[in-house]
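> The listed protein sequences derive, respectively, from chains A and B.
Here the working numbering is used: position 458 in the first sequence is 458, and no number is missing along the way.
Position in the second sequence (from 1) plus 686 gives the number in the working numbering.
Treat the hints with care, since some could be wrong.
[As the list claims (entries may be wrong)] The calculated EDC-like cross-link candidates involving lysine to aspartate or glutamate, where the alpha carbons are at most 16 angstroms apart (straight line), are:
#	chain 1	residue 1	chain 2	residue 2
1	B	1183	B	1195
2	B	1234	A	450
3	A	497	B	1079
4	A	497	B	991
5	B	1183	A	455
6	B	1183	A	574
7	A	548	B	1149
8	B	1233	B	1137
9	B	1234	B	1078
10	A	548	B	1141
11	B	1233	A	303
12	A	594	A	79
13	A	594	A	229
14	A	548	B	991
15	A	442	A	229
16	B	933	A	305
17	B	1183	A	572
18	B	1183	A	573
19	A	497	B	1141
20	B	1234	A	73
21	A	491	A	528
22	A	247	B	991
23	B	1234	A	463
24	A	547	A	303
25	A	497	B	804
26	A	77	A	626
27	A	547	B	906
[Stated by the list, open to error] Covered stretches of chain B (chain A as the covering partner; in silico rule of three or more C-beta atoms under 8 angstroms from a C-beta of chain A):
#	stretch
28	790-798
29	941-954
30	1022-1029
31	1120-1128
32	1189-1202
33	1302-1309
34	1318-1330
If you are wondering where the hints come from, they were derived from the structure by calculation, not from laboratory data.
Being a predicted model, the structure only gives us computed values, none of them experimental.
Ideal Cβ placement from N, Cα and C applies to all residues, glycine included.
2 protein chains.
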Amino acid sequence: MKAQVPLLVMLTAVILGSMPMVNTAAAAAAAASSRPHPLDPLSAAEITAVCAAVLASPLVPARPLHFHYVGLDEPDKPDVLAFAYGTAGSPSRRRPLLPRRALVIARAGGQSHELRVDVTDASRPSVLSHAVHRGAGFPPLTLEEQFAALALAPACAPFARSVRRRGLRMDDVVCSVLPAGWFGGAGARRVAKMQCFVAGATANYYARPIEGVTMVVDLDRMAIVGFRDREAYPVPKAEGTDYRAGKAGPPLPEPEPAPGVVVQPEGRGFHIDGHVVRWANWEFHLGFDMRAGAVISLASVHDADAGTRRRVLYRGFVSEYYRTFLDAGETNLGLWAYPLQPGGDCPDNAAYLDGYNADQDGNPVKAGKMMCVFERYAGDVAWRHTESGLPDELIAEVRPDVSLVVRMVVSAGNYDYILDWEFKRSGSIKFVVSLTGLVEVKATSYTHADEITSDAHGTLVSENTLAIYHDHYVMYHLDLDIDGTNNSFVKNVITAKRNTGNPATGGADTPRRSYWTVRREVAETEADGQMDVGTGPADLAFVNPGKKTRLGNEVGYRLIPAGATAASVLADDDFPQRRASYTKKQVWVTPYNKSEKWAAGLYADQSTGEDGLAAWSRRNRGIRNEDIVLWYTLGLHHIPYQEDFPVMPTLSGGFELRPSNFFERNPVLRARPASRHGSSRNCSCT
Amino acid sequence: MKAQVPLLVMLTAVILGSMPMVNTAAAAAAAASSRPHPLDPLSAAEITAVCAAVLASPLVPARPLHFHYVGLDEPDKPDVLAFAYGTAGSPSRRRPLLPRRALVIARAGGQSHELRVDVTDASRPSVLSHAVHRGAGFPPLTLEEQFAALALAPACAPFARSVRRRGLRMDDVVCSVLPAGWFGGAGARRVAKMQCFVAGATANYYARPIEGVTMVVDLDRMAIVGFRDREAYPVPKAEGTDYRAGKAGPPLPEPEPAPGVVVQPEGRGFHIDGHVVRWANWEFHLGFDMRAGAVISLASVHDADAGTRRRVLYRGFVSEYYRTFLDAGETNLGLWAYPLQPGGDCPDNAAYLDGYNADQDGNPVKAGKMMCVFERYAGDVAWRHTESGLPDELIAEVRPDVSLVVRMVVSAGNYDYILDWEFKRSGSIKFVVSLTGLVEVKATSYTHADEITSDAHGTLVSENTLAIYHDHYVMYHLDLDIDGTNNSFVKNVITAKRNTGNPATGGADTPRRSYWTVRREVAETEADGQMDVGTGPADLAFVNPGKKTRLGNEVGYRLIPAGATAASVLADDDFPQRRASYTKKQVWVTPYNKSEKWAAGLYADQSTGEDGLAAWSRRNRGIRNEDIVLWYTLGLHHIPYQEDFPVMPTLSGGFELRPSNFFERNPVLRARPASRHGSSRNCSCT
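With these hints in hand, go ahead and build the complete structure from the sequences.
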């Protein structure tokens, strides 16, 4: 195995060395601290102060003490709302000073410690509380302990023998730490699995697993405690696995698509002030969390007809990823959000934002350019109509669509997830997940499908290479505050009716024999709020029962799935299913509770399912006319195909939150038409 | 009512007068007739010749004779394939001369006449066959007869009284012809309904129906044969209904999104040669049909790894629209495809193509700029991976995505449908329908929802204005020829399995209690091929059973729905359902039959359901290893909302056809990275 340079050092070197600091909002915020926002992520200085306070505190004397999670412990929701929107009789200009606090999850002395630290004054941080976790599960793995575990492999004698037995060179071997999961039993040690691969001639070591060999690492003792070499499968060849430019083969033959550049002759249309983004009728706070990645907060839309700003979303983020593993809870997504590549990940007109993670020792580590913001000109239409029915004239009205995209990419091991939040002037928010990266494979002796006589549990995507069937679930926590805090979840169920044809019996005097109407069901408790979107047609709406339009319709937003609606088919008693039981239904609704953030529980590594969304919801709390939270899961059953190898073309799915009687009428009705001179603008590139 | 200038005259004036002829392929084709293609739509000269031949023929002596449909009667599929791809031993360069033929559906003497006309030599057309339609239903309505029907309204005395009774001015009244539908009975006269509205201060007369008044027009006698004034409902006010720029109110307040222009510094990347479009690895023929609108034919993709061009789609088009009405069959979609607005409907870098319709008298009428083609730079990613697991390096590979979009817009009365066919370098074709335009409303006495005490069958979207619940169905005919003509339809059903844990009983030695695998079901007959995509997870694939990859996987494409998966909930015996019974299932598969094009039957106006997809499929023909056709319906249950008024923001849904073991590996693996200098290109606009 090659000498392992600590990745964090390299990351920092890469980030600082090669990426120009383009419109870095974090730097701007640090410089212009006149406008701190209570939801701003912890700054480098705050992270430093928080961790120093923990280390200085007598509450956790054991050493070493490693930081597994450091994140903003945001102020209570009513205080944040008062800050952002003012309170009755108190204009929002007079913003109360809200405390800055952090939540720390650390490991020390073989225990998981939760500490809350006040860092309102970063020069005088103080530990507010401390508790030891007594339940099941462990905090997310740190990068350093994964590196340290990997470093054990070459020194593990049985492993060295296995490597030699297969005719491989240890220098070519790369290992990867995988969460162990939970399969019953209690009192688990904090272990992880290690799987190893062969790089050598290819960067795509995932395509060349050393199959049959597993190691178990005790992360607290940092020692290999289990080793197994089941069977010596062939190692798939390196040829054809690399994806790097210049290593994947000659470039595709001509013709290539023509290059295209989006030019904004008047500059950008959005403004980022600290972490607050303003664009067209939207305003929101764009934050970052080590575990969730991007966090969208306090999203509101300006209603031009009403002349007021109206609330839509209090806080939204990806609560959990699940790919048999629980990626967010087990590994902290923010740590796997690598720098976005300008012109590739985001178009040329994008702006970039940084985030800060904490390393194991409590030092802040910049995750540079890990989010981008750009206006998208996809050539779509916002609305149109051609009217030919009027005499003497042909009317054609078209309004081109421009939207604002916030993007983050998480490269959690082999897979890459591109996460988009797209804001539209119509008031819609579209959420899209695009799956790409390297599909997970197992080495096999098969070189042709004809050799497969029993269920192989996957697709042969190359010689000796089986890509295994698996699922992807991306769960969103969306605290919708539709025009206010208290909402209800309404299912507008499309219901077929028979027409008797006889008004005396309630029918309509028409030859139609059937029709459909809407049966409105308001969810009373959490059980009502759990839904499989495939069980029958309905418009799923989140309404404000205290707000009505001038016509008396309840203001709301509805949820429209667009692909990726898979739900888990695993048995309820199967261990991964017990740990993420929410995957049986795409929609869950709970009453807001500040501590309920992580759908698979706070301690997701080796969790047993006793914490998390399903556990909280067993209380069957009321969700009617309450401050409610929508939990929505995008799901995909992945049968791999050869096109997915060695790296898969993006596969996208998502959903839309769309205004539904939120506005009195079409909010983009009065958008300006495209300039008649737009197409005559003389644009060119040198 | 204002003096009715024939719309066709105005259309021509508008088209010729104001639209620059930008890259008009039809003109180029006429000029460079050295490369005629057997699937090219009928030219103006050919339409003229065909109709003259019909009028000159003694076969249909009755007058007047009106042309309701004139379209290409394409050559038999084996001949077209031989032309396009050659035959074994016969290179495609030696293209056989294929005949040019037209299908004409005309009305004369109270009958519907089908004529086939040879126009291989446009100077010597000849009628090949003639038949009188004996079954139910009528051909699509012509524009002229709709205009003529509308002209009858002001002279209809009872109608004039109804207008006066409501205090309206006949000058402000605009009427619209609606197909009558069928509600049982036999031997229908060829009638249509007429509904009238008030324009006056607004262009949006659809928002101001004269509710309670219906007229029935006998189109053959061109006389009003039925009149009913049920009840004098209030006419909704004009205020707030207009959508025209400058009439809808002041422009939205700042800030607007920034303008953006897509600049292609090296020009366009696609080429249109006659009607053949070539872009990146795609090649296809883009035609036009009076009834279907755009027709994509002979779509093939170049496989760079194999060094050959491979077939995907023989012919694809929208076979039917259904919005309670059967828009394509009843009214000819091509007639409602109005000129696209540059910079609005299509971006600045688009090219435009014309089509030709035939008017009632057999004259060709140009539908200018009714299709556009453009490269889309939406800022999306084709594939990516960031690799952090290798020591000493952080690898980041990203390939930005560029796709080719073919777009058509159909404004069939009040609604506008934007239809996109998006070709991706990955080999996928994405189909998207975006719904916009004016939602259909009924006048009502309600001015507030609180007044509604019984089912109103719709949403109150403005005072006195109910937008009625309805469905939209867009049915695609897709003759897939995956790597060859004979294909099979395979359902890869995701099947949950229990793990016994005991290899002796077929289980796996793992603590997992369940897993899912794939049960492969090959559809044998048409009944097997009918599917509701909501009935359980499955990958739906169209494979070539005679072609396998090097690894032995069957080459194929799969269908991935992305929203708009509604299926009809109407009763099977309800009349609209009988006429379009295919709407109960999104997927149908039939064996190819040249005459089976129109899912609701050839004579869709007042059809009874005895022709069309469901009728053909009752024969339950074999579809395994046959030349098969996929019929896929996008469906939407539309509960209207106030945002839909007066014109709705686009609502999109679609599906993807995605290569699935078609390629040996990712076909865009070897795409060039974005130029490192891309973002430093100096682009500006004056």
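> Next, verify each hint and record whether it holds.
Now for the hints, and whether the structure bears them out:
For a cut-off of 16 angstroms, the pair hint linking residue 1183(B) to residue 1195(B) stands: about 14 angstroms separates their Cα positions. Restraint check: the Cα-Cα separation between residue 1234(B) and residue 450(A) comes to about 11 angstroms, which is no more than 16 angstroms; the hinted pair holds. A threshold of 16 angstroms between alpha carbons decides the hint, and for residue 497(A) with residue 1079(B) the separation of about 64 angstroms lies outside it, so the pair is violated. Restraint check for residue 497(A) and residue 991(B): the C-alpha separation of about 55 angstroms exceeds 16 angstroms, so the hint is violated.
Distance check on the hinted pair: residue 1183(B) and residue 455(A) sit about 11 angstroms apart at the alpha-carbon level, within 16 angstroms; holds. With a CA separation close to 11 angstroms, the supplied pair residue 1183(B) and residue 574(A) stays within the 16 angstroms bound. A C-alpha spacing of about 14 angstroms is found between residue 548(A) and residue 1149(B), which places the hinted pair at or below 16 angstroms, so the restraint holds. Our distance criterion of 16 angstroms between C-alpha atoms is broken by residue 1233(B) and residue 1137(B), whose separation comes to about 65 angstroms.
Only pairs whose Cα atoms come within 16 angstroms are accepted, and residue 1234(B) paired with residue 1078(B) is rejected, the gap being roughly 41 angstroms. Our distance criterion of 16 angstroms between C-alpha atoms is broken by residue 548(A) and residue 1141(B), whose separation comes to about 19 angstroms. Distance restraint check for residue 1233(B) and residue 303(A): the Cα-Cα separation of roughly 57 angstroms exceeds the 16 angstroms cut-off, and the hinted pair is therefore not satisfied. At roughly 12 angstroms between alpha-carbon atoms, residue 594(A) and residue 79(A) fall within 16 angstroms of each other, so this suggested pair holds.
Of the pairs offered as hints, the one joining residue 594(A) and residue 229(A) is violated, with about 46 angstroms between alpha carbons and a cut-off of 16 angstroms exceeded. Restraint check for residue 548(A) and residue 991(B): not satisfied, since their Cα atoms lie roughly 60 angstroms apart, outside the 16 angstroms limit. Proximity of residue 442(A) to residue 229(A) is assessed by CA-CA distance (about 15 angstroms); at most 16 angstroms being required, the pair is judged to hold. A threshold of 16 angstroms between alpha carbons decides the hint, and for residue 933(B) with residue 305(A) the separation of about 15 angstroms falls inside it, so the pair holds.
A hinted pair counts as satisfied when its Cα atoms are at most 16 angstroms apart, and residue 1183(B) with residue 572(A) qualifies at roughly 12 angstroms. A hinted pair counts as satisfied when its Cα atoms are at most 16 angstroms apart, and residue 1183(B) with residue 573(A) qualifies at roughly 13 angstroms. As the CA atoms of residue 497(A) and residue 1141(B) are separated by approximately 11 angstroms, the hinted pair is consistent with the 16 angstroms bound. As the CA atoms of residue 1234(B) and residue 73(A) are separated by approximately 56 angstroms, the hinted pair breaks the 16 angstroms bound.
Under the criterion of a C-alpha separation no larger than 16 angstroms, the hint pairing residue 491(A) with residue 528(A) is consistent with the structure, at around 10 angstroms. Proposed proximity of residue 247(A) and residue 991(B) is supported: the alpha carbons are some 15 angstroms apart, at most 16 angstroms. As the CA atoms of residue 1234(B) and residue 463(A) are separated by approximately 14 angstroms, the hinted pair is consistent with the 16 angstroms bound. The suggested pairing of residue 547(A) with residue 303(A) holds, with an alpha-carbon distance near 15 angstroms, which does not exceed 16 angstroms.
At most 16 angstroms may separate the alpha-carbon atoms for a hinted pair to count; residue 497(A) and residue 804(B) exceed this at roughly 51 angstroms. At roughly 14 angstroms between alpha-carbon atoms, residue 77(A) and residue 626(A) fall within 16 angstroms of each other, so this suggested pair holds. This hinted pair does not check out: residue 547(A) and residue 906(B) have alpha carbons roughly 53 angstroms apart, beyond 16 angstroms. With 0 residues having a Cβ less than 8 angstroms from any Cβ of chain A, the stretch 790-798 of chain B misses the three-residue criterion, and the hint is violated.
Using a Cβ-Cβ cut-off of 8 angstroms, 14 residues of the stretch 941-954 of chain B lie near chain A, which meets the minimum of three, so the contact claim holds. Under the rule that three or more residues need a Cβ within less than 8 angstroms of chain A, the assignment of the stretch 1022-1029 of chain B holds, with 6 such residues. Under the rule that three or more residues need a Cβ within less than 8 angstroms of chain A, the assignment of the stretch 1120-1128 of chain B holds, with 4 such residues. Counting residues of the stretch 1189-1202 of chain B whose beta-carbon sits less than 8 angstroms from any beta-carbon of chain A gives 6, enough to reach three: the coverage restraint holds.
With 0 residues having a beta carbon nearer than 8 angstroms to a beta carbon of chain A, the stretch 1302-1309 of chain B misses the requirement of three or more and the stated coverage is violated. Closer than 8 angstroms: that is the beta-carbon criterion, and the stretch 1318-1330 of chain B has 6 residues meeting it against chain A, so the requirement of 3 holds.
Figure legend: structure checked against the earlier numbered hints; hints not met, in rising order: 3, 4, 8, 9, 10, 11, 13, 14, 20, 25, 27, 28, 33.
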